[in-house]
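Got two chains here, each in a separate frame; can you build the complex from them with the hints?
Residue-level listing of the chains:
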Amino acid sequence: MPRPEVQAPPEIFYNESEARKYTTSSRIIEIQSRITERALELLALPNDGVPKLLLDIGCGSGLSGETLTEQGHHWIGYDISKSMLDVALEREAEGDLLLADMGQGLGLRPGVIDGAISISAVQWLCNADKSCHNPRLRLKAFFGSLYRCLARGARAVLQFYADNVKQSEMIVTAAMRAGFAGGVVVDWPHSSKAKKSYLVLTCGPPSLNSSLPKGKGQDGAMCSDDDESDDGSGDEDGAQTVGIYERNRPKKRQKTKKNGKGKAWLLNKKEQLRRRGREVPADTKYTGRKRKSYF
Amino acid sequence: MRLLTHNMLASNARGAVTGYPLKLQVVKWSTKEAEPNPEFLRGMLPKIDWPALVAATQALGLPELLPEAPPTDAELSAEGAAADEGSALRRLHRALLEIHIEEGALVCPDTDRCFPISRGVPNMLLHEDEVRN
Numbered sequence: 001m002p003r004p005e006v007q008a009p010p011e012i013f014y015n016e017s018e019a020r021k022y023t024t025s026s027r028i029i030e031i032q033s034r035i036t037e038r039a040l041e042l043l044a045l046p047n048d049g050v051p052k053l054l055l056d057i058g059c060g061s062g063l064s065g066e067t068l069t070e071q072g073h074h075w076i077g078y079d080i081s082k083s084m085l086d087v088a089l090e091r092e093a094e095g096d097l098l099l100a101d102m103g104q105g106l107g108l109r110p111g112v113i114d115g116a117i118s119i120s121a122v123q124w125l126c127n128a129d130k131s132c133h134n135p136r137l138r139l140k141a142f143f144g145s146l147y148r149c150l151a152r153g154a155r156a157v158l159q160f161y162a163d164n165v166k167q168s169e170m171i172v173t174a175a176m177r178a179g180f181a182g183g184v185v186v187d188w189p190h191s192s193k194a195k196k197s198y199l200v201l202t203c204g205p206p207s208l209n210s211s212l213p214k215g216k217g218q219d220g221a222m223c224s225d226d227d228e229s230d231d232g233s234g235d236e237d238g239a240q241t242v243g244i245y246e247r248n249r250p251k252k253r254q255k256t257k258k259n260g261k262g263k264a265w266l267l268n269k270k271e272q273l274r275r276r277g278r279e280v281p282a283d284t285k286y287t288g289r290k291r292k293s294y295f
Numbered sequence: 001m002r003l004l005t006h007n008m009l010a011s012n013a014r015g016a017v018t019g020y021p022l023k024l025q026v027v028k029w030s031t032k033e034a035e036p037n038p039e040f041l042r043g044m045l046p047k048i049d050w051p052a053l054v055a056a057t058q059a060l061g062l063p064e065l066l067p068e069a070p071p072t073d074a075e076l077s078a079e080g081a082a083a084d085e086g087s088a089l090r091r092l093h094r095a096l097l098e099i100h101i102e103e104g105a106l107v108c109p110d111t112d113r114c115f116p117i118s119r120g121v122p123n124m125l126l127h128e129d130e131v132r133n
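Going down the list, the protein sequences come from chains R and S.
Going by full-length UniProt numbering, 222 is the number at position 222 of the first sequence; the sequence numbering is gapless.
Going by full-length UniProt numbering, 70 is the number at position 70 of the second sequence; the sequence numbering is gapless.
Okay, chain S solo, but in the shape it has when bound (with noise of 0.2 Å):
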């Protein structure tokens, strides 16, 4: 599961206001390499919850890599941003698209749901009683 999907999740259960930003427990994560869009990157990042996604990358021990405050369009359209290692669009790029949580955890802000993570694949399946209806 990329950060991209964790960014978009919410619990689903009864009782959870708003089920979102999850919090991420990670027991094992990975990184895999993939092409940098950035058009997709500039496409995305209005949608994008940037605190949740900053807590998500200290869960993984990567207080660096993003800061506090989302990249600018200015700064994702520099000139030579995508070769660029360093620059904001590869570090949001490799946050968004190329860490993948293996083994771990969400757990709902609300109700304390947890929902494990098995093989890259979260488990959100809801018990009967706690579907809301």
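Only chain R is shown next, with the shape it has when bound in the complex (with noise of 0.2 Å):
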């Protein structure tokens, strides 16, 4: 299946009816949902039990939004699509919704925001669907607008899917230049199913107090796919999770190949079709021999 960054813009390819399959897919649901807390955990917000402003950037239909209401935290989305976000009404999304494309920058006031999440939303800006488009220009608005809003010591998560290498370095390259310290995470890195990029970002000047959290699934050990349950608490530095390793299974005793049945064989079988009645040729010395090239 073609990525839909290849097939439409964004506006386009979530019409109506992509929006409502997207949004009724208990499996999207659920690959979202836990994408979603793994972000939050990548936020490390401080554990004061106070709600925060959260930004939810290419919130869609609110999936995303909805486990942080669930986590009591207040959240404005953006989203580009407006069938996405009239399917977010419907839901009666909690966070207030708005229609914009953060291309053009986030239109929010300097320092306003705690922090903010982006789940499967950064890539698309990587495509020039229009002619006026220029992904280096685009992700400089975004990452410079996202640097302003946030407050100071606040964080950003954006989950991406990079097509290639150079898609992902464009989108780091122009988060450093915007001013945030930080980098990128990846969970799962040897599954190519299960695989998660998360571009972690500080706002301010990098310190002590902001290294850069592990990604899980690392130290070659290997997950099973998307299903698998996080069921350790995740600390910052690397939640507890249980790899899977290949079973080193030893390889089975190669036969040795024979030519052929041997004369054994050949006197049984020709004893079997005397006793059937056939007629059969005489057992010689050169029974069961090869015969001569020439023959």
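It should be emphasised that the hints constitute simulated quantities derived from the structure, not laboratory data.
Derived DSS-like pairs (lysine-lysine); straight-line CA-CA distance at most 27 Å: (1) K290(R) - K269(R); (2) K269(R) - K292(R); (3) K82(R) - K32(S); (4) K47(S) - K140(R); (5) K285(R) - K270(R); (6) K285(R) - K269(R); (7) K82(R) - K130(R); (8) K28(S) - K82(R); (9) K193(R) - K21(R); (10) K140(R) - K130(R); (11) K263(R) - K290(R); (12) K82(R) - K23(S).
Label pairs and their calculated CB-CB ranges: (13) I28(R) - L62(S): 33 to 43 Å; (14) E39(S) - C132(R): 36 to 46 Å; (15) C132(R) - K23(S): 27 to 37 Å; (16) G111(R) - P109(S): 15 to 25 Å; (17) S191(R) - C114(S): 44 to 54 Å.
Away from chain S, derived, C-beta distances all over 12 Å, residues of chain R: (18) Q7; (19) T23; (20) I28; (21) L40; (22) V172; (23) A264.
In this text, a Cβ means the ideal position worked out from N, Cα and C, and glycines have one as well.
Next up, the structure:
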């Protein structure tokens, strides 16, 4: 299945039927919920029980925002697809919704947001869907406005699916040039299906406190698939995970290949045929021998 | 859209010097009850542009909802403020989190660009010539 970014721009790809299909898929709901929980984990909000005002960039139909609401936070959702926002209104999303293009800048006052998450949205900025679109300028506008609207010390966690290494580098470079500190955290890097990349950004100068958290499933461990549940409590420096190692089954001994079935088999076969009343040549010393090559 | 979000928004169009506070034109608005959280409100208060919030409540036809000066921390932390309907905390909570703009428009103070609000969702999309590059 080709990636949605190469099929159509997001406001066209997520039309009414696609938006509804996306939202009613229980698999999508589960994946979105899990990614959002991981993003909140990486966001490392202070554990003081006070709800925060968060951004959900590319909120779509409110699946990720639902997780934010469950955690007690207030959120403002941005999406470019009107159909997705219509589905979000139908589902009575708790957060405020905005129809906006993140490549045009977020349009927020400076220093007012406590944190930002984005689930599967930033990679759309790498595609030039219109003649006026310049991916580097759009990324610059996005990260610049994100940096301005975040409070000092706030974080942003953007989960994305890069098409290739160059796309990933373009996104990270644009974030660093906007003034962010941080980098990419990769969960399950060895699994092509379960691999998730999170761009973890800190607003403000890098310090000892803002070390980059470790991704899950590294150290050579392989995970089974997306359905693996994370039962361990997730702290910032690498959550407890259980890796499944490949079983090392010894190879079976190779059978020695025989050229034929041998004389004994032949004599036995002839005896069978005689008992059945067939006409069988007599057994001689030449029985079972190889014919000469010129035969 | 809540007034809290309106207070955060700024115009991103080319030619907008500051782009905020956006002038609020209200055609239809509603009220949805929400649980007050004093800690959240106390944390948000330093970030609120207070004159913009007062102007927004006046645009809604509620000039007496909020005073001209922002409430003090002591007023927000007063005993029983969360239960008292007339307290500064409850009035701030109602203004920020319970009032929802359903239909109307947001107008940029610098460029007079109009952003329509439909079914509670503002349309902040810019045309190609309006994007600053």
